[in-house]
Amino acid sequence: MTITLRRVPAQGGGVTLVNRMPPAMAQWCMTDRADRRTDRELLAAIVDHDRLALEVLYRRHEPWLTPRLARRCANRQAVEEAVQDTFVAVWRSATRYDDRGEVAAWIWGIGIRQLLHRLRPRRPLLDRMRLVRRDDQTSAEEQVLLGVQYGELGLALDRLSPELRAVVQATVLDGLTTKEAATMLSIPSGTVKTRMMRARTQLREALA
Amino acid sequence: MSTDWHASPGQLAAFADGALGPVRASSVEAHLVVCDDCRAELSAQAESAHGTCSDRMWTRITDEIDSPRRNLASRWTWARVTLGSPPLAAATVLVLIALVVVPLLAGEMDRRAGAIALIGLAPLAPVLGAAVAFRPALDPAGQLSAATPLATMRLVLLRALVVTIAALPVGIAVAVVLPLRSTLLLGWVLPGLALCAIVLAAGSRFDPTRLAIALALGWAVLVSNLGLRTRDGDLTARLSEWVVNHPATQLTSAGIAAGVVIVLVARRDAAVNWRMS
Amino acid sequence: MTNYASLRAPSGALAVTVDAVRKRFGSTIAVDAVDLRASGGVIGLLGPNGAGKTTLLRMLATVLEPDEGSISLLGLDPRRADERLAIRRQLGYLPQEPGLYQGFSAFDLVDYVAVLKEHTDRGARRQEVRRALALFGITDVMHKKIRTLSGGTRKRVALAAAVLGNPTLLVLDEPAAGLDPEHRLQLRSVLSDAGSRGTVVVSTHHTAEAAALCQQVVVLIDGRVRFCGAPSELAALATGRVWIDDAHDGNSRPAGTVQSWITAEGHVRHIGDPPQGAELADPTIDDGYLLVTHAEVVTP
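Protein chains in written order, with our numbering: chain D, 10 to 217; chain S, 68 to 344; chain W, 700 to 999.
If we strip away everything but chain D, and leave its shape as in the complex, we get (with noise of 0.2 Å):
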């Protein structure tokens, strides 16, 4: 087992080593029956109905799901409800996986959008039509924060008000339409634009 160690920048300078592979890990990958699969080959044996891969690929990903779902939603019992649909959703639904991007963000679009169904009413048919296809492609705001590291982007975030951030995670983070956001955060379309067009000058400035 190789332990690699790596640079860590840290706030306000000097060098932290961090220990890239902890020892809980460690004792997971040799008890764990250790499959060497990448998601997307597990995404693929999924489509052929191997019931294992979907177990390797829900015990890889629950982890992140779960809390992620429970910061957007207070209600424990349908954050559960929602990730047990995802993964039914990705065994029943694998084909849909068009290879781009991580499948990591493909589950997370599946998983929002379940909480999201569970929270509020049906939507007519034609708008969940819409909601269905999704564009993978991030954004050039979400790449530099996909990338993000403690430093300036982060306090300027810090910085902005609740609502401002709720924005931001909304239509960036998350990836949701304009629409959607409005949906998840209860509020009209036209505010969800207005408070990205005031995050996106704030941060500027902030950042300038």
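Hints in this document: simulated from the structure, not taken from any laboratory. Here the structure is a predicted model, which means the values were calculated and not measured. Ideal Cβ placement from N, Cα and C applies to all residues, glycine included. Mixed in with the good hints there might be a few duds.
[Unchecked claim] A few chain S positions that, by computed beta-carbon distances, are all more than 10 Å from chain W:
(1) 85
(2) 88
(3) 225
(4) 244
(5) 246
(6) 315
(7) 317
[Said to hold, decoys possible] Computed Cβ-Cβ distance ranges for the label pairs, DEER-style:
(8) D:47 / W:749: 51 to 57 Å
(9) D:46 / S:145: 41 to 47 Å
(10) W:876 / S:240: 47 to 53 Å
(11) D:186 / W:822: 35 to 41 Å
(12) W:780 / D:50: 52 to 58 Å
Given chain D, put chains S and W in place with the hints provided.
Relative to chain D, chains S and W alone:
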């Protein structure tokens, strides 16, 4: 997307507990989408912290996915063992297609031929249904099905019934389209039921396939004989006379059909001489 | 020429009783005056192809009725409708050629068979199907269509369908055929466990497997029982009838030899009536089986 930054185990643990501040949490979330090492660390922590919770959820997930294909048939047992059997459904569809195509094609060529074809073929659909009901080969479980508690005469009756009921509207529709005189629309039903009942009754003793073929040929010969021996205008009248209006035919057919069906239903738990290949 | 031995379970009830059963197909006699008694444990049916094993097993599975003689299964008469139903509720059957529909997934198919076996409650049925599939190691591929599975895996799916509901009487026609060694061992442990709780009747070509697994062995040839007893007794039949020499010349085979073959060490092993002063060898169950198939064996 490679990055030099990774979340520390402490941060991941805090994230899992919902204890990270909003911006840090968002960073970690965004990072976890692209970093499988950090996801693995989170999984390892989750395994030791609350492994049984995720096991329970996995059980609930498998309860959802471990279910037979959902269609109309999965609701009721009787539907599952008849319509839910793809080989049987396919055989039924083939029979019905023949029932539609042959008379219509014949009717294109010659109106008389169409009528003869329909009257000749329509009663045979239930007969064929009865014959195939004896074959485990049309059961998804194949030869295994013959040794199960449900494999009694009841099952054979059900399957024959399904084919018969499917054939009825199709036969009538084709008769209307041809078009056939109204008196002939239903005249073939009772003889068809009678022939089907004969196959069902004798199918345990004699080879139902051979019996069905014999009866089918006999009926076909009778009908085409009639058809050939009459002049053009007289055909429907003749068929009417012999098939529909002739009391003897209809009454005997009704008698046979009713009598046999009553006996079979009474003996519905009887053993079936399954035609194992 | 029939003989039989009976194995009695403590309860005293016989699970399988076959009395002078005869079955004809046209002019061929498939099963000819067969007697069989069994109660508990694993019974192996040995015999060449066409010996009547499949026909006999079909009769034990209540799928076929004998022309003559009587059969009693689990103390019940399969000729009576209500008793036959009761038998089938405790019966598991694996035909030689199951003929499963290839378009179903393994789970769908075993679930379907569970429906045929009157498992009405959906949740309990799902649990039972999972259990049966897990017994044969098919859990991970249970949702794949049967046509995508290998021959050995398809066999195991049929086996899972046969053991649904923990039947008291298991009738299996060549269950090990087509299985690789790992799964054959898995099958063996499942069968011996089933044999400890009920009765298992298995037909097989492998004498070694019969020896390892079965408490009782029946050799069927041309529809007749040529031997019935413990595997050790079958081997013991050949005591004093197996000898080894180095006579590689086929022409000088001693009279009375039933069969000869060259062993791995390069010697020649003979079965039959040994000549004077021949070097006798310890008999194996194969020797006993060969003797029974080739010679008239008279036993008391």
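Hints, verified against the model:
Residue placement check: residue 85 of chain S keeps its beta carbon more than 10 Å from all beta carbons of chain W (closest about 34 Å). Distance check on residue 88 of chain S: its Cβ is at least 42 Å (rounded) from any Cβ of chain W, clearing the 10 Å threshold; non-interface status holds. Residue-level check passed: residue 225 of chain S sits 13 Å from the nearest beta carbon of chain W, beyond 10 Å. At roughly 33 Å, the least C-beta separation between residue 244 of chain S and chain W is larger than 10 Å, which holds for a residue marked as non-interface.
Every CB of chain W is more than 10 Å from the CB of residue 246 of chain S (nearest about 39 Å), matching its label as outside the interface. With a closest Cβ-Cβ approach of about 36 Å to chain W, residue 315 of chain S is found to remain outside the 10 Å limit, as its non-interface label requires. Every CB of chain W is more than 10 Å from the CB of residue 317 of chain S (nearest about 34 Å), matching its label as outside the interface. Restraint check, residue 47 of chain D to residue 749 of chain W: a C-beta distance of roughly 53 Å satisfies the suggested window 51 to 57 Å.
Range check, residue 46 of chain D to residue 145 of chain S: about 43 Å between beta-carbon atoms, so the 41 to 47 Å window is met. Between residue 876 of chain W and residue 240 of chain S the C-beta distance comes to about 49 Å, which sits within the given range of 47 to 53 Å. Range check, residue 186 of chain D to residue 822 of chain W: about 39 Å between beta-carbon atoms, so the 35 to 41 Å window is met. A hinted range of 52 to 58 Å holds for the C-beta pair residue 780 of chain W and residue 50 of chain D, which are about 54 Å apart.
Checked against the numbered hints above, the structure violates none of them.
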